[in-house]
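Please take these sequences and the hints and turn them into a complete structure.
Residues per chain, in single letters:
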Amino acid sequence: MKLSLAEPTYLKESISIISDLVSEARFKVTPDAIELVAMDPANVAMVVFKLLSSSFTEYNVQKEQNLAINLSNFKQILRRAKPEDILTLELEENKLKIQLKSNTTRTFSLPIIDLEEKEQKVPELKFPVNIKTTAALLNDTIEDVDIVAESVTFQTEPKKFIVLAEGDLSQAKIEVPEGEDTKITAGSDTVKSKYSIEYLKKMINASKLANEVTLQFDKDYPLKLEYTVVDKLQLAFILAPRVENE
Amino acid sequence: MKLSLAEPTYLKESISIISDLVSEARFKVTPDAIELVAMDPANVAMVVFKLLSSSFTEYNVQKEQNLAINLSNFKQILRRAKPEDILTLELEENKLKIQLKSNTTRTFSLPIIDLEEKEQKVPELKFPVNIKTTAALLNDTIEDVDIVAESVTFQTEPKKFIVLAEGDLSQAKIEVPEGEDTKITAGSDTVKSKYSIEYLKKMINASKLANEVTLQFDKDYPLKLEYTVVDKLQLAFILAPRVENE
Amino acid sequence: MKLSLAEPTYLKESISIISDLVSEARFKVTPDAIELVAMDPANVAMVVFKLLSSSFTEYNVQKEQNLAINLSNFKQILRRAKPEDILTLELEENKLKIQLKSNTTRTFSLPIIDLEEKEQKVPELKFPVNIKTTAALLNDTIEDVDIVAESVTFQTEPKKFIVLAEGDLSQAKIEVPEGEDTKITAGSDTVKSKYSIEYLKKMINASKLANEVTLQFDKDYPLKLEYTVVDKLQLAFILAPRVENE
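Chains as they are written, first to last, in numbering that gives the first Met the number 0: chain A, 0 to 245; chain B, 0 to 245; chain C, 0 to 245.
Think of the hints as simulated: they come from the structure by calculation, not from any bench. A portion of the hints provided could be inaccurate.
Note that the list lumps identical chains together, so a pair holds whenever it fits in one copy or between two copies.
What the hints assert, rightly or not - SDA-like, lysine to any residue: derived pairs with alpha carbons at most 25 Å apart: (1) Lys74 <-> Ile196; (2) Lys200 <-> Gln75; (3) Lys100 <-> Lys131; (4) Lys207 <-> Ile146; (5) Lys207 <-> Met0; (6) Lys81 <-> Lys131; (7) Lys182 <-> Ala5; (8) Lys191 <-> Val36; (9) Lys74 <-> Asn138; (10) Lys81 <-> Gly166; (11) Lys74 <-> Ile112; (12) Lys117 <-> Glu165; (13) Lys158 <-> Asp113; (14) Lys100 <-> Asn42; (15) Lys201 <-> Val60; (16) Lys131 <-> Glu89; (17) Lys200 <-> Ser71; (18) Lys81 <-> Lys207; (19) Lys49 <-> Glu34; (20) Lys117 <-> Gln233; (21) Lys207 <-> Val121; (22) Lys125 <-> Thr106; (23) Lys191 <-> Asn93; (24) Lys218 <-> Glu23; (25) Lys96 <-> Thr152; (26) Lys159 <-> Ile68; (27) Lys94 <-> Thr227; (28) Lys100 <-> Ser206.
Dropping the structure here:
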């Protein structure tokens, strides 16, 4: 296996975001893509990451490989990549070799670890609500509600996406009308569900990768956030709802 | 009551500065202005703030209202205002409603609190010394003395403003001559008084609002710092002297 | 003694870097230069600093003087110097007077301290290896190895400078070929020696002063790092090797 990237940014930023949720994970390297599906330790959030072979300048994978590594260490190494570096990944004697090449040749090696965890499957989910908006708008919204509460309610009304949060003292309500930047697909019924702001704050860092985001959810049902760079990568998150015991 | 601001910056910065000194305070909303007079919990510093109705695009106040709120929470909400937002303040069912409107409509509500403290009156003070200088110069001076001591002596000499600080080890002395940027009105006698640097450091943040500052003081007497934006706002501080028991 | 600098940056940055290694030190002020030779408290690193009289606009030193001061306090004062300030150093009644002059005159005084430590001599060292490269490249290299280990091995191979680090888990290897930016003088034998990354991280801050750096070392022998600004200053560091007990 030998993979080269002329623009290390996508891999670098993706791993940095994922490592905020999952500290160790298994990559599946197929002839088509590098893939990762992982649950966070609290079993509340799932990350689904795919970096397509078309984003590499060299992509030489004979047969599918699984390799589990410590993502924090991987992130630290990737952070050393400068925009002008060519980044190469290779497997060598139970180590992942990461090479950064420009004037100098900098080679890091990281141990392949044993992950007891069995392979995660992405659950099949169906969503009546699909909202496509700018990543910047979602960021603002989450930062808004973060100052009043720990959980946030996403709600649809005809041609409107509503975000609500209620703290002990203060409340926040953001109304996002359908418009040029925001497309809302939803039935005529109001759909309403609650999610953890702490997790959302980690996920919205994916706005560094893509300008748009898709939100899908249902009443007391998981949320799916999806960031896509066409022909390059997909980074999606599935977040369990906060169901109230009332 | 309904008040709208097309430039949220003045309110935002003022509340941020005031909340460093006072955590809860009562605003008086009159047909002319929003006013606040508050003492810090240690009774060492007073804040006098006035945001004139002329700085609002809509200013609808039928009768004078008093409303006490938590300034830290208010600051956090105002910090979410972006330059392009129109900020509207309304009273609704014992809540202060703060609306930020651009593409989206973001509404925060903050509880009106009970403040036992009785209304503060601005003391009548007379000062023999009046120094008008740039806010940047005062900032530099306070940051200079901050590295050697905890209190600073302001002193006048003919056509000179002198700032002194003496720590256990080091000393600092800044001489500011009268000049284009600095106008000094003082009698022929030397006037000298000592103030807390910790408090001054919080007050000089008002340099974000205005380029000029007026200092007024007397021997072992309070200091008054005043920042003004003509037709818009006034932010003044009164600081008790540090009288030495020698 | 009276010394004036029109560009305080060199003195300011030098003292800031040195004070990370040594908290108190004795300066020798000769008719030619201000000099400092000091060991860090752990006796692992030596600093050799020389600021030539030619970098001063006024340099009035009748006879050689020794003056020991607290470098952290001196750093804090120098940090207050703005690029447009003229900085003057004078000795006055057992105090070092530091004056910063622009619109205002700001005078700080710092006590001369008693340093029991006897005068340090720069050891005479001979090095078979001399590498001249850009300060930026050395910075990158040290930051690279810092993520995997606490010590780093410098190694020469014909026309190559190799930097290695091995942590419990990860490894890093940087190969710097001879080239336009990097000149390597070394014998035909491989020379290899190990040094503390923590110390190197403090030393490479001298890249703020000079664009180039010279590295000299030998097997299990001290390393000398040298940053020079022609006709102005020299800042060198000598670092003891980490000899392995194997």
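A quick look at each hint next to the structure:
Taking the shortest alpha-carbon separations for Lys74 and Ile196, both the intra-copy value of 24 Å and the inter-copy value of 20 Å come in at or below 25 Å. Proximity of Lys200 and Gln75 under a CA criterion of 25 Å is satisfied in both settings, with 21 Å inside one chain copy and 17 Å between copies. Only between protomers do Lys100 and Lys131 lie at most 25 Å apart by alpha-carbon distance; the minimum there is 21 Å, versus 38 Å within a single protomer. In this assembly of identical chains, Lys207 and Ile146 lie within 25 Å of each other by CA distance both inside one copy and across copies; the values are 22 Å within and 24 Å between.
Proximity of Lys207 and Met0 under a CA criterion of 25 Å is satisfied in neither setting, with 28 Å inside one chain copy and 41 Å between copies. In this assembly of identical chains, the alpha carbons of Lys81 and Lys131 lie at most 25 Å apart only when taken from different copies (23 Å versus 32 Å within one copy). In this assembly of identical chains, Lys182 and Ala5 lie within 25 Å of each other by CA distance neither inside one copy nor across copies; the values are 34 Å within and 28 Å between. For the homomeric pair Lys191 and Val36, neither the shortest alpha-carbon distance inside one copy (27 Å) nor that between copies (43 Å) is at most 25 Å.
Taking identical chains as interchangeable, the C-alpha atoms of Lys74 and Asn138 lie at most 25 Å apart whether they share a chain (23 Å) or sit on different chains (19 Å). Taking the shortest Cα distances, Lys81 and Gly166 sit within 25 Å of each other only across copies (23 Å), while inside one copy they are farther apart (42 Å). With identical chains, the CA atoms of Lys74 and Ile112 are at most 25 Å apart within one copy only, with a shortest distance of 16 Å there and 47 Å across copies. Proximity of Lys117 to Glu165 under the C-alpha cut-off of 25 Å is found in neither arrangement, the shortest distances being 38 Å within a copy and 31 Å between copies.
For a Cα distance limit of 25 Å, the shortest separation of Lys158 from Asp113 qualifies neither inside one copy, at 49 Å, nor across copies, at 40 Å. For a Cα distance limit of 25 Å, the shortest separation of Lys100 from Asn42 qualifies neither inside one copy, at 38 Å, nor across copies, at 37 Å. When the C-alpha separation of Lys201 and Val60 is checked against a cutoff of 25 Å, the pair qualifies neither within a copy, at 31 Å, nor between copies, at 43 Å. Taking CA atoms no more than 25 Å apart as the test, Lys131 paired with Glu89 passes in neither setting, with 37 Å inside one copy and 32 Å between copies.
In this homomeric assembly, Lys200 and Ser71 come within 25 Å of each other (Cα to Cα) both inside a single copy, at 18 Å, and across copies, at 22 Å. With identical chains, the CA atoms of Lys81 and Lys207 are at most 25 Å apart both within one copy (16 Å) and between copies (20 Å). For a Cα distance limit of 25 Å, the shortest separation of Lys49 from Glu34 inside one copy, 4 Å, qualifies, whereas the shortest one across copies, 56 Å, does not. Taking identical chains as interchangeable, the C-alpha atoms of Lys117 and Gln233 lie at most 25 Å apart only when both belong to the same chain, with a minimum of 22 Å there against 59 Å between chains.
In this assembly of identical chains, the alpha carbons of Lys207 and Val121 lie at most 25 Å apart only when taken from the same copy (24 Å versus 50 Å across copies). For the homomeric pair Lys125 and Thr106, neither the shortest alpha-carbon distance inside one copy (44 Å) nor that between copies (31 Å) is at most 25 Å. In the homo-oligomer, the alpha carbons of Lys191 and Asn93 never lie at most 25 Å apart, since the shortest distance is 48 Å inside one protomer and 27 Å across protomers. Taking CA atoms no more than 25 Å apart as the test, Lys218 paired with Glu23 passes in neither setting, with 31 Å inside one copy and 39 Å between copies.
Taking identical chains as interchangeable, the C-alpha atoms of Lys96 and Thr152 lie at most 25 Å apart only when they sit on different chains, with a minimum of 19 Å there against 44 Å within one chain. Taking CA atoms no more than 25 Å apart as the test, Lys159 paired with Ile68 passes in neither setting, with 42 Å inside one copy and 31 Å between copies. For a Cα distance limit of 25 Å, the shortest separation of Lys94 from Thr227 qualifies neither inside one copy, at 30 Å, nor across copies, at 41 Å. For a Cα distance limit of 25 Å, the shortest separation of Lys100 from Ser206 across copies, 23 Å, qualifies, whereas the shortest one inside one copy, 27 Å, does not.
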